[in-house]
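What follows is the residue order along each chain.
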Amino acid sequence: MSVLRGDVVVVGAGPAGLGAALETSRLGLRTVVIDERPAIGGRVPAQGAGLSGGPSGAAWLAGVRAQVEAGATRFVLGRSVWSVSPAWRVLTAPVDPTADVDPWEIEARALVLATGATEQPIPLPGWTLPGVVTAGAAQTLLRVHHVLVGSRVALVGVNATSLELARDLAAAGAEVVGIVEGSPWPTGTADARTDPASLVADAGTLGIAVHAGGRAERVVRLGGALGLSISSGRADAPEQTWEVDAVVLCGRTVPLTDAAQLAGCPVAFVPERGAFVPLHGPSQETPVPGLFVAGAVAGIDGRDAALAQGRLAGLAGARLLGAAARDIEATLRHAHAALDEAVAAGEAREPGGIAVQARLASLWQAQAIGRAGT
Amino acid sequence: MRAPDVVVAGAGVIGASCAYALSRLGLRVTVLDRARAPAGATASGASAGGVRAQGRSPAELPLAVAALHRWPTLEAELDADLGYRREGMTVCVDRPELIGPLTRRVDVERAAGVDARVVLGEDLHRLVPGLAANLVAGSYSPDDGHANPIRTTNAFARAAMRLGAQVRFESPLTGIRTERGRVVAALSGDEAIPCGAVLVAAGPWTGALTAQLGVRLALRTGCIQMVATGPMPHALDQVLAWVGEGISLKQQPSGGYLIGGGWPGTGDPQAYRATVRPESVGRSASVAARLFPPMAGAAVLRAWVGFESWGPEDTPLIGPVGAPEGLWVAAGFSGHGFAISPTVGELVATWIATAECPSALAPFDPIRYGDDWPTGVEPEAVREGDGTATRGGGR
Amino acid sequence: MGEGTVHEQRGAPDIAFWFDGRAYAGYAGDTLAAALWRAGIRSLRNSPGLGEARGMWCGVGHCYECRVVVDGVWGVRACLLPIREGLAATRETVDGGAQG
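So the sequence lines, in the order shown, correspond to chains R, X and Z. In this text, residue positions in the first sequence follow this note's numbering: the first is 1, and each later residue adds one. In this text, residue positions in the second sequence follow this note's numbering: the first is 1, and each later residue adds one. In this text, residue positions in the third sequence follow this note's numbering: the first is 1, and each later residue adds one.
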C-alpha cells in the first residue's frame with residue numbers, strides 16, 4: 001500500500017477542484033486531485049445549455065480541460081476518500097473493488113475540499129420505486145450516457161432545472177407528460193426567489209405542460225409502469241394519475257460537508273442557502289490551518305463561480321505554503337474580482353447568491369472575533 | 001426546587017443507571033454532564049454493547065450474574081426498546097495451548113453460577129456455522145448477548161426523569177464544596193447545588209474531579225474504536241470473540257456487522273477530542289473477516305471512537321472515597337461496564353441510601369491502591385489478550 | 001439540440017458485462033447503472049428488510065441505493081462503476097431474517 005506525496009491535495013474534480021489545481025500546478029506545487037467519478041468535471045458534463053442558451057456543460061468543460069491538461073496535476077480518479085486527518089493525510093479506496101488498491105494514502109501540506117453538493121430528496125411516498133430519480137441522475141443519463149430516463153416522463157418541482165430538463169428530454173424523443181409542484185419546501189438551488197409565473201410562461205413557449213395548481217402526492221406501481229398521483233387542490237376535483245415510466249424529482253441542493261467535518265472544520269447553518277455550509281473566509285480559508293473549501297460545498301452556485309472560488313482557494317493555499325510568485329497579492333486581487341464578477345452574473349440568472357455570500361462573510365467575522373476573545 | 005440528595009456527575013450508562021436506581025429509592029437526584037452523554041467520545045457511545053458474564057475479572061462475576069437476571073425484564077421496566085438480544089456468545093481460540101486457560105476460566109465462571117461451557121472442534125463449528133476452520137475451541141454461554149448502549153443510557157436517564165430526577169446537559173461538575181470534612185454542595189460553573197452526596201461517574205474524567213479534593217484514583221484512560229458495516233444476509237446469531245486477536249463481532253438485526261474488541265483510536269481526553277485511527281479500521285475489519293468468513297464482503301460504513309477509563313487489574317472503582325464524606329465514585333469499568341450497569345446502579349443506590357456496603361461491591365473499594373498506581377493514557381494496553389485475560393477479547 | 005443527444009450514431013454497444021448472471025452490452029464510458037438503464041433494467045437490488053425493489057436514485061454516488069456486489073464485495077455503487085469487458089456484478093441477496 002503506497003503513499004503518494006504532494007504539496008496540495010484537492011478532493012473533487014469539478015469546476016472548483018479544477019480551478020484550485022490550475023493555480024497550484026501553475027505555481028509549481030505538486031498537486032493531486034481525487035474524485036470518485038471515473039472522469040473529471042463533476043456535475044458539469046451532465047449540464048445542458050441552460051434555459052437561455054450558452055455552452056453546454058461538455059463544451060464548457062472542454063475549455064477548462066485543455067488548461068488543466070497543460071499542467072502537471074496528477075489525477076486519481078475512481079477513488080473515494082474515506083479518511084482525512086491533519087495535516088494532511090487522506091486515505092482512499094477504489095470504487096471498483098477489483099481495481100488496484102494504490103495509491104492508498106495521499107499526503108500533502110494543504111487540502112482543498114471541493115466536494116460539491118447533492119440533491120435533497122423530495123420524499124413523496126413511492127420515491128424509492130425503481131424509475132424514480134433525481135434531476136441529476138436524469139441529466140447524467142441523458143447528456144453523459146445518451147440514455148433517456150424514460151419514454152414517458154413526469155417531473156416534480158417547478159424550477160429552472162426541471163424546465164430545462166423537460167425541454168431537452170422532449171428534444172431527445174421522450175414524451176414529457178408534464179411538470180408539477182410537489183415539494184413541501186422551495187425547490188431549486190438559489191432559485192427559491194425565481195418568479196414562478198415567469199417560469200410557467202417560459203414553459204409555455206417550450207411546449208411543456210406545467211400543471212398549475214396541482215401537487216404531486218405519491219408514486220405508485222401501475223403494472224410494469226409508474227403512476228404519479230396529482231391532487232388538484234380543489235375539493236371538487238379528484239386526483240388524477242399520470243401513467244409514466246420515469247418520475248424525476250427536481251429539488252434543491254445541499255453542500256456535501258462530510259469531508260470538511262472529518263477534517264475538523266465547523267459548519268454553520270446559512271438560512272439564505274437553506275443548508276449547512278463549512279465556515280470559511282474571503283480567500284476560502286477555514287478555521288482549520290491548511291484547509292480550504294471551494295465551490296458548491298462552500299454554498300456557491302454555478303460552474304463559473306465555482307471555478308473562480310477554486311482558483312482563489314488554490315492561490316490562498318499556495319501563499320500559505322510559501323510557493324508564491326512575486327505577484328501573488330495582485331493575482332489574489334484578480335481572483336477575488338473574478339469571483340465577485342461570477343457571483344454577480346449568477347445573481348442576474350438566479351437571485352440569492354449574493355445574500356448567501358454576505359451571510360457567510362458575517363459568520364466568518366463572528367467566529368474570528370470569538371476566537372480572538374478566547 | 002428542593003436541593004437534591006445526590007448529584008451524579010456523568011450521564012453515561014453508569015451515571016444514568018445510578019440516577020435511576022437512586023430515584024426509585026425515593027432520593028432526589030440531579031445529574032450533571034459536561035456535554036450530552038452518551039453522545040461524544042464517551043465509553044457509553046463507543047461501547048460494543050456486550051451483555052455478558054464471560055471474560056471478566058472473577059471479582060465481577062456476582063455482578064454479572066445478577067445483571068443477566070435483570071436484563072430480560074429491563075426493557076419492560078424502563079419502557080424502552082433497548083435492542084436487547086440474548087443469543088449466546090462464543091469466545092474462540094485458535095491455538096491448542098490456549099484451551100487449558102480457557103477451561104480454567106470457564107470453571108471459575110461456572111462456580112460463580114454462569115452457564116458456560118467449553119466446546120471443542122466439530123462441536124464448536126456446529127455451534128457457530130460459518131466460523132473459520134482454524135478456530136479450535138471456544139467457551140460458550142447461551143445467556144450472553146448484546147444491547148444498544150446508547151438507547152440503554154437514554155432509557156435509564158428518561159426513567160430517572162420520570163421519577164423526578166433532573167438531568168442537566170452542558171452543565172459540568174466543576175468542583176465540590178466541603179465543610180468540616182463533608183460534601184455540602186456540587187459546583188457547576190457559578191452555581192452551587194447544595195446536596196448530601198456527590199457521585200462521580202464520569203469515566204476518564206473522574207480522576208481530575210476528585211483530585212481537586214486531594215483524592216487520587218488509580219484510573220487510566222484508553223481510547224477505543226468501533227467499526228460498523230453495511231447490511232449483509234443474516235449469518236451470525238451470537239456474539240463472537242477471538243482471544244489473542246482481540247476482536248469481537250456481532251451482526252445487528254438490520255444486517256450490519258459491529259466490530260469491536262478494543263482496537264485503539266487516538267485522541268486527547270483533556271481536549272475531549274478523539275479521532276478514528278485508520279489502521280484500526282482496516283485491520284479490525286480484516287481480522288473479523290478471518291474469524292467469520294461469511295462477512296468478508298461487507299462494506300465498512302463508519303467508525304467511531306470513545307474514551308474509556310480503566311481501573312486496577314481491569315476492575316472498577318466503586319464506593320465512597322472516605323474523605324471527604326459524601327463523595328462517591330463509580331468509574332474504571334475497563335471497557336466492560338455496560339453489561340453490569342443495571343446492577344451497579346442498583347447496588348450503589350442501595351449503598352448510598354443505607355450506608356451499608358453490598359457484598360458484591362466490596363472488592364471495588366476506590367482507594368484500595370493508594371497513591372502508587374500509574375495514571376495516564378495507555379491505549380495500547382487494551383490490545384493484550386490471552387486465554388485467561390479478564391478482557392477476553394470481547395466487549 | 002447540440003452534442004450528446006440520444007440520436008447520436010455510435011454503432012452497437014460492444015462491451016460485454018454481466019449482471020445477475022445475464023449478459024448485457026454497453027459502450028465504453030458507461031457506468032454500470034447507465035448501461036443497465038439503457039437495457040431496461042431499473043431494479044438493482046431488493047431492500048434488506050422488506051424486500052422492496054430498489055435502483056439508482058441520486059446518480060452521483062451519494063445515496064448508495066444503486067449498490068451491487070462485485071467480486072464478492074458489497075456496497076459497490078453502480079452509478080460510479082465504469083463497465084469493462086467481462087465485468088460481473090450481482091444483486092445483493094435478500095434475507096428475510098434481516099429485519100431492521
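Be a bit skeptical, because a hint or two may be false.
[Claimed, not checked] Incomplete in silico selection of chain R near chain Z, CB under 8 Å:
hint, residue
1, 38
2, 97
3, 100
4, 330
5, 333
[Claimed, not checked] Stretch by stretch, here's where chain Z covers chain X in the computed footprint (C-beta under 8 Å, at least three residues):
hint, segment
6, 226–239
7, 291–299
These are calculated hints, taken from the structure and not from any lab test. Backbone N, C-alpha and C fix where the C-beta goes; we use that ideal spot for every residue, glycine too.
Against the structure, the hints:
1. For residue 38 of chain R, the suggested interface contact is upheld, since its CB lies about 5 Å from the closest CB of chain Z, less than 8 Å.
2. Given the 8 Å rule on beta carbons, the hint for residue 97 of chain R holds: about 4 Å separates it from the nearest Cβ of chain Z.
3. Violation of the interface hint for residue 100 of chain R is found here, the shortest Cβ-Cβ separation to chain Z being roughly 13 Å, above the 8 Å cut-off.
4. For residue 330 of chain R, the shortest C-beta to C-beta distance to chain Z is roughly 37 Å, which exceeds 8 Å, and the interface hint is violated.
5. Violation of the interface hint for residue 333 of chain R is found here, the shortest Cβ-Cβ separation to chain Z being roughly 35 Å, above the 8 Å cut-off.
6. Evaluation of the coverage hint for the segment 226–239 of chain X: fulfilled, as 5 residues show C-beta separations to chain Z shorter than 8 Å, against a requirement of three.
7. Here the segment 291–299 of chain X counts 4 residues with a CB under 8 Å from a CB of chain Z, which clears the bar of 3, and the coverage holds.
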